[in-house]
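One-letter residues, chain by chain:
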Amino acid sequence: MDRRKLVAELLEKRGGLLVITGIGSATYDVAACGDDARNFYIWSGLGCTPSVGLGLALARPDRRVAVITGDGDVLMALGSLATIGIKQPKNLSIVCLDNGHYSATGMQPSATSAGVDLAAAAAACQLRVEWADDLSRAAELRALLHSGEGPLFIHARVDADDQKRIIPSRDGPAIKQRFMQALWRRG
Amino acid sequence: MLSSEAEGPGLVLGAALGGERAALLMQSSGVGNCVNTFSILRNCAVPCVLLVTMRGEHADFNSWQVPMGTITESVLNLCGFQIYRIDGEAEVEPTVEAACRMAFTGGNFQVAILLSQRMVDRNKKGH
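Note that the protein sequences, when read in sequence, are chains A and B. Here the first sequence is numbered in our numbering, starting from 379 and rising by one per residue. Here the second sequence is numbered in our numbering, starting from 11 and rising by one per residue.
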């Protein structure tokens, strides 16, 4: 499955959906849909993205939060799946774009290429797991991002290709302020 | 309660994006687990107060705590933290207040408070 097509479908008519993106390809995928004040891009600290989503989801239980990231980030964050599992934030979804490789550093295979099952790990940590093996379920999954009871873990098998890098702002304080102002305006 | 201290900076950033302030509590060994994820706090100018209970510095029964305990303050310095150290209980309240003031009144600093192992003698005898 083409990761860009899936992300574009998931972010269609996104309304108030807040999106945290993992460092690397997931950030480029979300930026390819158009820069947006409701996006927060992570540019360092591989493995921290699910925790950022959890912090935001707990601080703003009135809003829907989607973490869009890759298998490398989730592999480094297995412990945070347990933390999310015990907190059970109903408004948090993690979309794991699993290409089985570290595309930012030269396409070295990740553990998921050798059979490690992140969806099973998420289920064991008491997240609700959904699968996206092709684009046919995209609309259904998009609806879950907006109204499904979380914590959700959407495991998407995507092609291991290195797509054009669409690079949004790397100015941390600026994207933080912009994101917070977008939240204040909408209440 | 987190699975690893490394998750802490992520949670603090997420909370800040949602308009909340946050503090992290960890043992000095946990500081080593956070070196990379602390970077997101500096990169995004996110204020944070860190309370660190020290190990490996005073009558610790476990000598394996010494290598990380003795570099904790330097590591926090390198990670950009302002650092306070507390050796006695009477200093706790004013120091925590000063740290919160430094972190949360506009400077967006990351501030660590090191709680001396002298204040906690539980580890003299082992667990």
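FYI, nobody ran anything at the bench for these hints, they're computed from the structure. Mixed in with the good hints, there may be bad ones.
A short list of chain B residues far from chain A (calculated; beta carbon distances all over 10 Å) [to be verified]: (1) Ser13; (2) Ser14; (3) Leu23; (4) Gly29; (5) Val85; (6) Gly98; (7) Val102; (8) Ala108; (9) Arg111; (10) Thr115; (11) Ser126.
Restraint ranges, calculated between C-beta atoms of paired labels, are given here [said to hold, decoys possible]: (12) B/Cys110 with A/Asp549: 23 to 31 Å; (13) B/Asn72 with A/Arg548: 51 to 59 Å; (14) A/Met485 with B/Met11: 31 to 39 Å; (15) B/Asn43 with A/Ala492: 23 to 31 Å; (16) A/Asp537 with B/Glu103: 51 to 59 Å; (17) B/Arg31 with A/Ala415: 18 to 26 Å; (18) A/Ser491 with B/Arg31: 36 to 44 Å.
Partner residues are not named here, just some residues of chain A that face chain B (Cβ under 8 Å, in silico) [to be verified]: (19) Gly423; (20) Thr461; (21) Ala521; (22) Ser525; (23) Gly526.
No experiment lies behind these values; they were computed from the predicted model shown. For each residue, glycine too, the CB sits at the ideal point set by N, CA and C.
Status of each hint after checking the structure:
1. Some Cβ of chain A comes within 10 Å of the Cβ of B/Ser13; the nearest lies about 3 Å off, and the non-interface call is violated.
2. Listed as a non-interface residue, B/Ser14 fails to keep its Cβ farther than 10 Å from every Cβ of chain A; the least gap is roughly 5 Å.
3. With a closest Cβ-Cβ approach of about 5 Å to chain A, B/Leu23 is found to fall inside the 10 Å limit, against its non-interface label.
4. Not every CB of chain A lies more than 10 Å from the CB of B/Gly29, the least distance being 6 Å, so the non-interface label is violated.
5. Non-interface status of B/Val85 relative to chain A is upheld: no Cβ of that chain comes within 10 Å, the nearest being about 16 Å off.
6. At roughly 33 Å, the least C-beta separation between B/Gly98 and chain A is larger than 10 Å, which holds for a residue marked as non-interface.
7. Every CB of chain A is more than 10 Å from the CB of B/Val102 (nearest about 26 Å), matching its label as outside the interface.
8. The claim that B/Ala108 is not at the interface with chain A holds, since no C-beta of that chain comes within 10 Å of its own (minimum 24 Å).
9. Every C-beta of chain A lies more than 10 Å from that of B/Arg111, the closest at about 21 Å, which supports listing it as non-interface.
10. With a least CB separation of 17 Å from chain A, B/Thr115 remains clear of the 10 Å interface cut-off, as annotated.
11. Every CB of chain A is more than 10 Å from the CB of B/Ser126 (nearest about 29 Å), matching its label as outside the interface.
12. The hinted window of 23 to 31 Å between B/Cys110 and A/Asp549 holds, with their beta carbons roughly 27 Å apart.
13. Checked against the hint of 51 to 59 Å, the pair B/Asn72 and A/Arg548 fails, with Cβ atoms roughly 42 Å apart.
14. In this structure, A/Met485 and B/Met11 meet the distance hint of 31 to 39 Å, their C-beta atoms being roughly 37 Å apart.
15. Remark: the range hint 23 to 31 Å for B/Asn43 to A/Ala492 is upheld by a beta-carbon distance near 25 Å.
16. Checked against the hint of 51 to 59 Å, the C-beta distance between A/Asp537 and B/Glu103 comes to roughly 57 Å, which is consistent with it.
17. Between B/Arg31 and A/Ala415 the beta carbon distance is about 22 Å. The supplied range of 18 to 26 Å therefore holds.
18. Checking the proposed 36 to 44 Å range against A/Ser491 and B/Arg31 shows it holds: the Cβ atoms sit about 41 Å from each other.
19. Interface hint at A/Gly423: satisfied, since its Cβ lies 4 Å from the closest Cβ of chain B, which is below the 8 Å cut-off.
20. The criterion of a C-beta within 8 Å of any C-beta in chain B is met by A/Thr461, whose closest approach is roughly 5 Å, and the hint holds.
21. Taken as an interface hint, A/Ala521 does not check out: its beta carbon lies about 24 Å from the nearest beta carbon of chain B, beyond 8 Å.
22. Of the supplied interface hints, the one on A/Ser525 is violated, with its beta-carbon coming no nearer than about 20 Å to a beta-carbon of chain B, more than 8 Å.
23. Checking A/Gly526 against chain B: minimum C-beta separation of about 20 Å lies over 8 Å; hint violated.
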